[in-house]
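J.: So you can see what is in the structure, the chains are spelled out below.
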Amino acid sequence: MPTKDTATTPRLEVRKTYKLYIGGAFPRSESGRSYVVNNAKGKFLANASQASRKDARDAVVAARKAFGGWHARTAYNRGQVLYRIAEVMEGRHQQFSAEVAAGEGLSISKARAVVDASIDRWVWYAGWADKLAQVVGSSNPVAGPYFDFSLPEATGVVAVLAPQDSSLLGLTSVIAPAIVSGNTVVAVSSYERPLPAVTLGEVMATSDVPGGVVNLLTGSASEIGPWLASHDDVNAIDLCGITSDDEARDLEIAAAGNLKRVRRPAEEDWSADQGLSRLTQYLELKTVWHPIGV
Amino acid sequence: MTTLDSGVDSLADVTSSEDRLRRFLLGLPGVDQVGAEARAATLGTRSIKTSAKQYALDLAIQMIDLTTLEGQDTPGKVRALCAKAKRPDPADPTAPQVAAVCVYPDLVATAKRELQGTGINVASVATAFPSGRSSLAIKIQDTKDAVASGADEVDMVIDRGAFLSGRYAMVFDEIAAIREAAGDAHLKVILETGELVTYDNVRRASWLAMLAGADFIKTSTGKVSPAATLPVTLVMLEAVRDYHEATGLHIGVKPAGGIRTAKDAIKYLVTVNETAGPDWLDPELFRFGASSLLNDLLMQRTKLATGHYPGPDYFTLD
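Chains A and B, in that order, are what the protein sequence lines are. This note's numbering applies: residue 720 is where the first sequence begins, and numbers increase by one. This note's numbering applies: residue 1074 is where the second sequence begins, and numbers increase by one.
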């Protein structure tokens, strides 16, 4: 119990400076930069690290390193891990709601609904982990003594420039479909609303997701985007968070260097049913011709 | 600052008897451990950018002893390694060649055949590498075999057991005997600093090897952890510098094992320049014993040339 003395002294607020989430650790930006994050009304919320191109490079290395192990896990296990993310998020419901409400200027009850939807989205994608092959894969009738079948496989490292407006539901909806099939992700959060991404990093660190599978950078998508788009060790890029058409075009040109799969920015309704388009975006179909006796 | 005190009349005198050798080695001033580590850490923070970085990357590639020392080595693996030594980056003909290819003695002939006329040396480990636990006769024969198969450089290991128990003369005689057996081949003496425990021992072993006729002193076999570290290399570079001041001779230094990134390599080059001097920024006097380092150097090189980050998929495995 606080004594009378301490009760009358106002408690000093902890002014936070959040860090990045790379390879399962929380480093500061290599550049040493940070920026002020305000709420929707312009009042100070926290400081966030401003990631540089070198942080993006490190994140890609971490993601590539994690890819082998994550990709090799059974689909069933990946589904369980995604479900676990939802469970851990549930425990941080209040924190997420407060951050979403402050950043997006929503009432607390609306923010709660957004967090609910985000958690449900993880559960929804978790369910897809071991159903994907049945839906997307096929056995193909061929004119020869072969059993011919196609299987979806993860494409590799996916760079995600997350939506600028929907800082939690949008972020969830672009990361989950990439990792559920075995890809690893380097995501750049919303610039003005990075806090849900920072907290999501803390969720990842405590929920059985191997380090490096999801890497979260806070900072400017316009600054980091070109480096990720032109990076030869990135297999796909989601340009969701780019708001200018010219910029998106330039990034798509840069991404052509190693034939990345590119998802162009488009108007999205994050609360709507997501469908399979993001899931299948980051898959490669492997077709096997297996000889059989006539 | 020199480590040689004025009480020593001449270095030739030092090796005239076991007693004098011991007195000289034990009389070497101790290494300030905290100071050496702090100095190495400071040198590691130097920022090397743009054209200086380009120069450093190319120089580091030219200093590599591309190494494969595994029980599972095959002639095919060695041939592949030689191909890489000749043309490290097939996509970029301006990438320089490495200094040497380092293999076990039985694969020297294979490497020699592949590297004929390229100017790339073949280095062979010898003397019961990596432990060095064998009789002198066998070590000498091992060395002669390697040289007979065409090795241009011989990497020998010292008897760490003898060194640590204070039998300096025995270590000295062994190095001298191998020096003789190696003939014209360049002799690199591996101190295996990971087993020498203290920096004082590293300094003593460095002097011992140089007095016995080493052309190069090398940190480690790569089979013991810790392998090469920056402070250990710093201590060895100081020894080489002081030996040069005392005798006018240039002895080379080769850190080996554990250097995997271009960033690390550049830290070493800065340390070389600031400790031994720019004379040592030369493949004749400084080498890296490494294999995976080369790919990282090539990737950094490509990044500088193209302006975007390359991926490991575009470079050969070993």
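Please keep in mind that the hints were generated in silico from the structure rather than gathered at the bench. It is possible that some hints are incorrect.
[Unchecked claim] Derived pair list, reagent style EDC-like, types lysine to aspartate or glutamate, alpha-carbon separation capped at 20 angstroms:
hint : chain 1 : residue 1 : chain 2 : residue 2
1    : B       : 1376      : A       : 952
2    : A       : 773       : A       : 988
3    : B       : 1122      : A       : 749
J.: Taking the numbered hints from earlier one at a time, note which ones the structure violates and give those numbers from smallest to largest.
T.: 2
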